[in-house]
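Using mature numbering (1 follows the signal peptide of the UniProt record, and there is no 0), the letters of the sequence shown correspond one by one to residues -22 to -1, 1 to 341.
Keep in mind that the hints were calculated from the coordinates and are not lab data.
The structure presented is a predicted model; accordingly, all values stated were derived computationally and were not measured.
One or more of the hints may lead you astray.
Stated by the list, open to error - Derived lysine-lysine pairs resembling DSS-like cross-links, with alpha carbons at most 27 Å apart:
#1 K311 - K244
#2 K311 - K326
#3 K89 - K121
#4 K89 - K130
#5 K254 - K311
#6 K77 - K89
Said to hold, decoys possible - Distance windows between CB atoms, simulated:
#7 T302 - S230: 26 to 34 Å
#8 D269 - V147: 18 to 26 Å
#9 L253 - R55: 37 to 45 Å
#10 N43 - P223: 32 to 40 Å
#11 D175 - L253: 24 to 32 Å
#12 F296 - F51: 14 to 22 Å
#13 S115 - E243: 25 to 33 Å
For glycine and all other residues, C-beta sits at the position ideal for the given N, C-alpha and C.
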Amino acid sequence: MPRSIPDQILVYILLILSSAPALHVHGNLNCTTIAWRSVPAVFAFGDSIVDSGNNDAIVTFTKCNFPPYGQDFADRRPTGRFSNGRIPPDFIASLVCVKDLIPAYLGTDLKSDDLLTGVSFGSGGTGYDPLTPVLVSVLSMSKQLDLFAEYKERLKEIAGPDTAASIVVESLYLVCAGSNDILNNYYLGLIRRLQYDISSYADFLIQQISDFVHRLYQHGARKIAIVGLPPLGCLPLQRALFGGPKRDCEASRNRAALLFNSMLEKYIFRLQAELKCQTIGYVDIYDILLDIITSPQNFGFEEATKGCCGTGHFEVSFLCNSITASTCVDDTKFVFWDSVHPTQQSYKIIVDYVFPRYIQILL
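Just need the whole structure built from these sequences, with the hints factored in.
Structure (structure tokens):
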């Protein structure tokens, strides 16, 4: 007769199983076993790379809550995400086994249960510079923190103060902005270029980041991933406007991104020492996206110089619509969805690359 498991061991096993969060795996979700034990929620702050629909709730022209945006979702429904499907916070939330989609905090379909596992406060068009969101009437980074403070009060009502405090401390925070500051505010605007050269403007942005991160830290955040800039001059819109007849990558924008990234990385090292906190980290997306753009065939792409929507050179936001702009036959072959934002497929490749190198070590 087989031996029975001693009662004490059986009870111990049951306690372990009951205390561990459920490991949901479906579709192409690939939970990381190291991460899923330690992250109850994922939060995102920043611009269109992390905006999952907050701009739908405010008065601004910077929206994408219409087709063909969102066409790769099962119901082909636009969600306010600036892509054909999922965006980086969604993929990261999947990797840490939280959920497949990070909803917008201002979303009309937000449920109380969503607050327990994280939301996005991101707003397409915003930046670290307080002037940047004013130019396009979107949520500033400071306003996003105000919404986070409001969120914390709602969380206490739902989960109780102790559980709410635990969620805030143990969760992962994504911070992604800066592109609009440099491309739209600095290079296309006049005010900041009269005040700063590009180096001093980058330093000004670092000061704004410092203020933001310190406020976020005071709110209880500890696991903070701060994303650097991509090769800005290689975005299809920048190629079309400033890349000449061959639509080359615009060198000065790329240099500005590299300068900013170098300053940001050095600042984060200083911040880690100041706060005695090694779970605040820099995430480099420049190199992987540049690799994809320069050698698209190595990643399964065929087109890296223009977007899938319309001509691929200028269409973004309201210019990328189902009335005046057609879409490519197969968006999985395109690095970019519109003239600014990568496709869902590109985002997945980027997240799969940066997660084990930069994010998982913070968890």
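Going down the list of hints, with the structure as the test:
1. For the hint linking K311 to K244, the alpha-carbon distance of about 36 Å lies beyond 27 Å, and the restraint is violated.
2. At roughly 13 Å between alpha-carbon atoms, K311 and K326 fall within 27 Å of each other, so this suggested pair holds.
3. Restraint check for K89 and K121: the C-alpha separation of about 21 Å stays at or below 27 Å, so the hint holds.
4. A C-alpha spacing of about 15 Å is found between K89 and K130, which places the hinted pair at or below 27 Å, so the restraint holds.
5. Of the pairs offered as hints, the one joining K254 and K311 is violated, with about 44 Å between alpha carbons and a cut-off of 27 Å exceeded.
6. Between K77 and K89 the CA atoms are separated by roughly 14 Å; this keeps the pair inside 27 Å, and the hint holds.
7. The hint said 26 to 34 Å for the Cβ distance between T302 and S230, and at roughly 31 Å that hint holds.
8. Checking the proposed 18 to 26 Å range against D269 and V147 shows it is violated: the Cβ atoms sit about 36 Å from each other.
9. The hinted range of 37 to 45 Å is satisfied by L253 and R55, whose Cβ atoms lie roughly 41 Å apart.
10. The hinted window of 32 to 40 Å between N43 and P223 holds, with their beta carbons roughly 36 Å apart.
11. For D175 paired with L253, a C-beta distance near 30 Å keeps the hint of 24 to 32 Å intact.
12. Distance hint check: the CB atoms of F296 and F51 are about 20 Å apart, consistent with the given range 14 to 22 Å.
13. For S115 and E243, the Cβ-Cβ distance of about 32 Å falls inside the hinted range of 25 to 33 Å, so the restraint holds.
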